[in-house]
Each structure stands twice: as C-alpha cells, then as structure tokens.
Amino acid sequence: MRLNGKRALVTAAGQGIGRASALALAEEGAQVWATDINVSLLDSYQGVANITALPLDVLDKAAIHKLVSSLPTIDVLFNCAGFVHGGNALQALDTELEFAFNLNVRAQFWMIQAVLPKMQAQKGGSIINMASVCSSIKGLPNRFVYGTTKAAVIGLTKSVAADFVADGVRCNAICPGTVDTPSLQDRINANADPVEARKNFIARQPLGRLAQAHEIA
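Following the numbering used here, the numbering of the sequence shown begins with 297 at its first residue and continues without gaps.
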C-alpha cells in the first residue's frame, strides 16, 4: 500500500468526493482523520479501518487550530469543503458571495495555515485543494459566485506551492467537471423539472456522463 505510515486530514468527508477520498486514502494504508460539520454523516465510518471521524466546522478558525494542534504529524491535507451557488453577476447577492468566499476560499486558507507548520517541521507534505473546471479551466453560465471563488482557489494554490516548495511541501488543485454526488442531486432537485435538469448536466460532459466520486478520489 502506497501510503503506509502517512497521516491524512480530509474536510467535508461525510459524503461525496470527500468521503470517497477518505476511503481511498485509508485503503492505501494512510491513517485518515475524516472531518465534517454534519456529525450524523460521520456515523458511517464506524468500524472502517484506518479512519477516525471527527466533527469540524471549517468556518471556525479557532476550531481548526484546536483540531490540528491535537494531531501528530499531517502528511496530507485535502481541502474538500465547498458550496455551489447558481446565478449570474446580476443575480448574485452580497451574502452569497461572502458565504462562498468564506467556505470555498477562506476555509482552505485557514486549514493550510494550520497544517503548514507541521509540514515544515517534518520537511514534507501534500496539500490538495478542491477547485473545479468552472472558472479554473473555463467560464460556465450561471455560476458567477461559484466560478469566482474557484478561480481564487487556483491563485491560492499556486501561491502556496511557490512559497513552500523549498520546504518539501507540495500544493495542488483538483479541477473536476460535474460529479454525481448528494450535493449535485440537491441542486437537481431544486429545479422545476429535475429529470430535464439532470439531462442538461450530463449533456455538457465530454464523456457523455457524470463523473463518479471514486474517480476523483
């Protein structure tokens, strides 16, 4: 197993890509701390080898530092927490943009700030940030708030990578297309015609289908 002896911290690990990634890391031998704000989602980890489930609100800076300080070495950080708002620049609300920046960008910044000293001390580590095809690769309609924040994640990632590569710390971003997760299903169900909405999501995928969470993991 490739990750024997490594320790990984994953946010938003209760479902979707975060959960698939926590399981994949554990299967490769890593000791995983799977965190989520929704404690009930963490119950599914009971009895799963190599995974310790811990509650964490990534919008609480003090809680982040308290958790990270309680852990020994951290070899891998996967910043997976995020939220998708719909709408264009004329429809976007200040409250939506503020929330999205806090969760999609600032929370990643706080997590990185908390784990970097440990990675520097051990002279190595890997930070993985969840970005998106949206605005990281190309602009998509009706994703102004989401796209703006995901473009910011790319800038954050590149800056951290440049600043800490000499310490042996790598920082990269994942930019998936549309992934079939509970979050996506919630957005589909919010449409007047969920069946048509799902077809539209599939139609814009080059593969002709939605990606699966385990493929991203």
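The hints are simulated quantities; they were obtained by calculation from the structure and are not laboratory data. Since this is a predicted model, take the numbers as computed values, not measurements. A couple of the hints might just be wrong.
Within a straight-line C-alpha distance of at most 16 Å, the following computed EDC-like cross-link-like pairs (lysine to aspartate or glutamate) qualify [said to hold, decoys possible]: (1) Lys495 / Asp482; (2) Lys419 / Asp463; (3) Lys414 / Asp463; (4) Lys414 / Asp371; (5) Lys495 / Glu511.
Pair ranges (Cβ atoms, derived) [as the list claims (entries may be wrong)]: (6) Phe395 / Gly325: 35 to 41 Å; (7) Ala499 / Gln416: 21 to 27 Å; (8) Phe395 / Lys434: 22 to 28 Å; (9) Leu355 / Ala486: 18 to 24 Å; (10) Asp459 / Val491: 46 to 52 Å; (11) Pro351 / Phe397: 22 to 28 Å; (12) Arg505 / Asp482: 16 to 22 Å; (13) Ala417 / Gly383: 20 to 26 Å; (14) Ile498 / Pro413: 21 to 27 Å; (15) Ala385 / Glu324: 38 to 44 Å; (16) Val491 / Pro413: 34 to 40 Å; (17) Asp459 / Arg505: 37 to 43 Å.
Heads up, the beta-carbon is just placed ideally off N, CA and C, and yes, glycines get one too.
Each hint, compared with the structure:
At most 16 Å may separate the alpha-carbon atoms for a hinted pair to count; lysine 495 and aspartate 482 meet this at roughly 15 Å. The hinted pair formed by lysine 419 and aspartate 463 meets the criterion: a straight-line CA distance of about 6 Å does not exceed 16 Å. In summary, the hint linking lysine 414 to aspartate 463 is supported, as the alpha carbons are separated by about 11 Å, within the 16 Å threshold. Taken as a hint, the lysine 414 and aspartate 371 pair is honoured in the structure, with Cα atoms around 9 Å apart against an allowance of 16 Å.
For the hint linking lysine 495 to glutamate 511, the alpha-carbon distance of about 20 Å lies beyond 16 Å, and the restraint is violated. For phenylalanine 395 and glycine 325, the Cβ-Cβ distance of about 37 Å falls inside the hinted range of 35 to 41 Å, so the restraint holds. About 46 Å separates the C-beta atoms of alanine 499 and glutamine 416, a value inconsistent with the hinted range of 21 to 27 Å. Between phenylalanine 395 and lysine 434 the beta carbons are some 24 Å apart, a value that agrees with the proposed interval 22 to 28 Å.
For leucine 355 and alanine 486, the hinted distance range of 18 to 24 Å is satisfied, since their beta carbons lie about 23 Å from each other. At about 47 Å, the beta-carbon gap between aspartate 459 and valine 491 stays in the expected band of 46 to 52 Å. A C-beta distance of roughly 23 Å is found between proline 351 and phenylalanine 397, which places it inside the suggested range of 22 to 28 Å. The supplied range of 16 to 22 Å is met by arginine 505 and aspartate 482, whose beta-carbon atoms lie about 19 Å from each other.
Checked against the hint of 20 to 26 Å, the pair alanine 417 and glycine 383 fails, with Cβ atoms roughly 43 Å apart. Against the hinted window of 21 to 27 Å, the Cβ-Cβ separation of isoleucine 498 and proline 413 comes to about 44 Å, which falls outside the hint. For the pair alanine 385 and glutamate 324, the supplied restraint of 38 to 44 Å holds, since their beta-carbon distance comes to about 42 Å. The hint said 34 to 40 Å for the Cβ distance between valine 491 and proline 413, and at roughly 50 Å that hint is violated.
At about 38 Å, the CB distance of aspartate 459 to arginine 505 agrees with the hint of 37 to 43 Å.
Of the hints listed earlier, those the structure fails to meet are numbers 5, 7, 13, 14 and 16, in rising order.
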